[in-house]
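Asks: The listed protein sequences derive, respectively, from chains U and W.
Residues 3 to 328 (our numbering) make up the first sequence, in order.
Residues 3 to 328 (our numbering) make up the second sequence, in order.
No lab work stands behind these hints, which were simulated from the structure alone.
Among the hints, erroneous ones may be present.
Note: identical chains are not told apart, hence a pair may lie in one copy or across any two.
To be verified - Below, simulated SDA-like cross-link-like pairs (lysine to any residue); rule was C-alpha separation at most 20 Å, straight line: (1) Lys275 with Val237; (2) Lys103 with Gly46; (3) Lys66 with Gly189; (4) Lys275 with Glu251; (5) Lys66 with Ile131; (6) Lys275 with Phe156; (7) Lys160 with Asp35; (8) Lys103 with Asp252; (9) Lys47 with Asp321; (10) Lys275 with Gly265; (11) Lys103 with Asn91; (12) Lys160 with Asp33; (13) Lys103 with Leu307; (14) Lys66 with Leu16; (15) Lys103 with Phe153; (16) Lys160 with Pro36; (17) Lys98 with Pro36; (18) Lys47 with Met94; (19) Lys103 with Asp90; (20) Lys275 with Asn253; (21) Lys160 with Thr263; (22) Lys98 with Asn231.
In this text the structure is predicted, and so the values were computed from the model without any measurement.
2 protein chains.
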Amino acid sequence: MQTVSIYAPVVDKLALVEEQLHELCQTDIADLDPLLDYALRSGGKRVRPALTLLASEFYEDDQKRSQIMAAAVELLHLATLIHDDTVDNAGMRRGKPTINKLYGNHVAVLLGDYLFATSATFVCDTGVIRVIRRFSETIMELASGQLIEFFTTFDPSKARRLYDERIYRKTASLFCTSAESGAVLSGAPEHQVQALRRYGYNVGMAFQIVDDLLDIQGDASEIGKPVGNDLLQGVLTLPTIMLMERYPEDNPIDRLFTSITDGGPDVDHLLQKSLDMINGSGIVPDCFAVIRDYCSEAAAALEELPDCPPRRSLLEMVDYIRERSR
Amino acid sequence: MQTVSIYAPVVDKLALVEEQLHELCQTDIADLDPLLDYALRSGGKRVRPALTLLASEFYEDDQKRSQIMAAAVELLHLATLIHDDTVDNAGMRRGKPTINKLYGNHVAVLLGDYLFATSATFVCDTGVIRVIRRFSETIMELASGQLIEFFTTFDPSKARRLYDERIYRKTASLFCTSAESGAVLSGAPEHQVQALRRYGYNVGMAFQIVDDLLDIQGDASEIGKPVGNDLLQGVLTLPTIMLMERYPEDNPIDRLFTSITDGGPDVDHLLQKSLDMINGSGIVPDCFAVIRDYCSEAAAALEELPDCPPRRSLLEMVDYIRERSR
Numbered sequence: 003m004q005t006v007s008i009y010a011p012v013v014d015k016l017a018l019v020e021e022q023l024h025e026l027c028q029t030d031i032a033d034l035d036p037l038l039d040y041a042l043r044s045g046g047k048r049v050r051p052a053l054t055l056l057a058s059e060f061y062e063d064d065q066k067r068s069q070i071m072a073a074a075v076e077l078l079h080l081a082t083l084i085h086d087d088t089v090d091n092a093g094m095r096r097g098k099p100t101i102n103k104l105y106g107n108h109v110a111v112l113l114g115d116y117l118f119a120t121s122a123t124f125v126c127d128t129g130v131i132r133v134i135r136r137f138s139e140t141i142m143e144l145a146s147g148q149l150i151e152f153f154t155t156f157d158p159s160k161a162r163r164l165y166d167e168r169i170y171r172k173t174a175s176l177f178c179t180s181a182e183s184g185a186v187l188s189g190a191p192e193h194q195v196q197a198l199r200r201y202g203y204n205v206g207m208a209f210q211i212v213d214d215l216l217d218i219q220g221d222a223s224e225i226g227k228p229v230g231n232d233l234l235q236g237v238l239t240l241p242t243i244m245l246m247e248r249y250p251e252d253n254p255i256d257r258l259f260t261s262i263t264d265g266g267p268d269v270d271h272l273l274q275k276s277l278d279m280i281n282g283s284g285i286v287p288d289c290f291a292v293i294r295d296y297c298s299e300a301a302a303a304l305e306e307l308p309d310c311p312p313r314r315s316l317l318e319m320v321d322y323i324r325e326r327s328r
Numbered sequence: 003m004q005t006v007s008i009y010a011p012v013v014d015k016l017a018l019v020e021e022q023l024h025e026l027c028q029t030d031i032a033d034l035d036p037l038l039d040y041a042l043r044s045g046g047k048r049v050r051p052a053l054t055l056l057a058s059e060f061y062e063d064d065q066k067r068s069q070i071m072a073a074a075v076e077l078l079h080l081a082t083l084i085h086d087d088t089v090d091n092a093g094m095r096r097g098k099p100t101i102n103k104l105y106g107n108h109v110a111v112l113l114g115d116y117l118f119a120t121s122a123t124f125v126c127d128t129g130v131i132r133v134i135r136r137f138s139e140t141i142m143e144l145a146s147g148q149l150i151e152f153f154t155t156f157d158p159s160k161a162r163r164l165y166d167e168r169i170y171r172k173t174a175s176l177f178c179t180s181a182e183s184g185a186v187l188s189g190a191p192e193h194q195v196q197a198l199r200r201y202g203y204n205v206g207m208a209f210q211i212v213d214d215l216l217d218i219q220g221d222a223s224e225i226g227k228p229v230g231n232d233l234l235q236g237v238l239t240l241p242t243i244m245l246m247e248r249y250p251e252d253n254p255i256d257r258l259f260t261s262i263t264d265g266g267p268d269v270d271h272l273l274q275k276s277l278d279m280i281n282g283s284g285i286v287p288d289c290f291a292v293i294r295d296y297c298s299e300a301a302a303a304l305e306e307l308p309d310c311p312p313r314r315s316l317l318e319m320v321d322y323i324r325e326r327s328r
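Just chain U, same shape as in the assembly:
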């Protein structure tokens, strides 16, 4: 499935967002421009700005403001990727060397800060305090989601207890805000704003669980990082949590973690065993069932909105996100 048909109602506006992002690469600091250019040409799918623009299509209050917002949510997303790669010491992202790999952690931290601040400055141009505040809160949620991830590494019971909170903060939060802000800026009535927010929440939760599955299933060249990367980092995701819950006495993850933290020799073997056990059990279909539930909730939220091309696109987006891992 391609994003082309999904984005059809907003394709011209997305092109303007793209232009807006590239205008950022002309600063008055010559050394900064190539870095920005590299960071902004990341080759992402622009899912979040598309969500903002589609959410703003139901009313036509002031399309210019939704466009600014769309650029801001993408910038914010790119800033978080730069910091995430830096703290994870990741070398590749979408088949290209990361900023931290190419320019070092020093530049990566500061460039991320610069992009966070640029995104927040963009949002001010909407002139609407409600979305400006929500945007800053979202940055708090993203950072604290990553912190929760860090606090719960190698700790199965904590990881389980904080799982929903963590994936809401680190992923669903920005989907929520993207949809909600588009709706607010378009002048939608409050019940529709809330419906689009609910849509964003559910789509975002599904998106993260699909990501979790890709990590244990995908091939390395496709996802751009080694299979089982989360487990190697001690990050427990839905499929690995399910494995531990179902086989409390006989799962290889406890031993894998001990091997990783103690520098044991069996890491590769235990990782492969964990992945095989997840893929060979009923866990993957059960994760799909959870994803399906979130997707159904997202689709149900859209019933508050009139039937029209942007609503059909948002419905297609649900399918697109669900099918990413198939």
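Given chain U, work out where chain W should sit, using these hints.
Replies: Chain W alone, transformed into the frame defined by chain U:
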């Protein structure tokens, strides 16, 4: 000189700011609270929030908003310190281990992000788009100032050319914004807002040059980092730039930099020679002359404002900043 008398007109409000900062340490993420507590009890002088509060004292529009702003500028300052220490790999700050030292770079980057975002969320509670936008721009300036510093390390001609721009962005920018925002939120007329902004700019520039001097003169226990630390990092400051300009053929800095970058054995010796040469020449008094000029401009800006205790405090603050390095 103590800050006590300077802060007298706003001492109660500063205490409320302090309370507000500490309220932040009760989040719904148990693991986060001790980190926040450690970061916020940094023992700083709270110069920037005092500036915001003093600048807001000339008019009495809505003191609650200036107080929120004061907490926000301090939070922002603390966030930048955390990221600065992380990218500089600094182990100590004000006599205490840094966050990156205690908890690792991973936590330090994310905690800094969280505090940046918290400060920006605070500012939204003022409800005034002008100060909210200025605040985000300031974060851009702080990050780009640090990037300029990085781009100009070990490069004397670039460091000279970009010196004013760099110290404006990395330091004076937040002083400007602290003063300007206090004035805007108090309802001051525009010419007084601009006067307080000019005051903040000049005080901030002076503050940074004093910092540059402390780095080459202070004793390590007082400034909490090794003497000559800037030079060891390849950062060229006003006194070292002056040394290179005055003794283009016969200064030890070129050789010091070669030694540092090539891992040569003479680093300690060449560093000491550079520091001795600066301290033994007329460079220190010449730096003081530059500081004095900025301080005079700051004092002159205050002439736009009525004579009253907060104005006298702002004048004393100029003296306090100038005298830090004596």
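Asks: Hint by hint, note whether the structure agrees.
Replies: Going down the list of hints, with the structure as the test:
no.	hint	verdict
1	Lys275 with Val237	within (17 Å within a copy, 51 Å between copies)
2	Lys103 with Gly46	within (19 Å within a copy, 34 Å between copies)
3	Lys66 with Gly189	within (13 Å within a copy, 30 Å between copies)
4	Lys275 with Glu251	within (15 Å within a copy, 66 Å between copies)
5	Lys66 with Ile131	both (16 Å within a copy, 18 Å between copies)
6	Lys275 with Phe156	within (17 Å within a copy, 50 Å between copies)
7	Lys160 with Asp35	between (42 Å within a copy, 17 Å between copies)
8	Lys103 with Asp252	neither (38 Å within a copy, 38 Å between copies)
9	Lys47 with Asp321	within (15 Å within a copy, 55 Å between copies)
10	Lys275 with Gly265	within (18 Å within a copy, 46 Å between copies)
11	Lys103 with Asn91	both (8 Å within a copy, 17 Å between copies)
12	Lys160 with Asp33	between (44 Å within a copy, 11 Å between copies)
13	Lys103 with Leu307	neither (45 Å within a copy, 51 Å between copies)
14	Lys66 with Leu16	within (12 Å within a copy, 41 Å between copies)
15	Lys103 with Phe153	between (25 Å within a copy, 17 Å between copies)
16	Lys160 with Pro36	between (42 Å within a copy, 18 Å between copies)
17	Lys98 with Pro36	within (15 Å within a copy, 37 Å between copies)
18	Lys47 with Met94	within (17 Å within a copy, 42 Å between copies)
19	Lys103 with Asp90	both (11 Å within a copy, 17 Å between copies)
20	Lys275 with Asn253	within (9 Å within a copy, 63 Å between copies)
21	Lys160 with Thr263	within (18 Å within a copy, 45 Å between copies)
22	Lys98 with Asn231	within (17 Å within a copy, 35 Å between copies)
In the structure shown, a violation is registered for the earlier hints numbered 8, 13, in ascending order.
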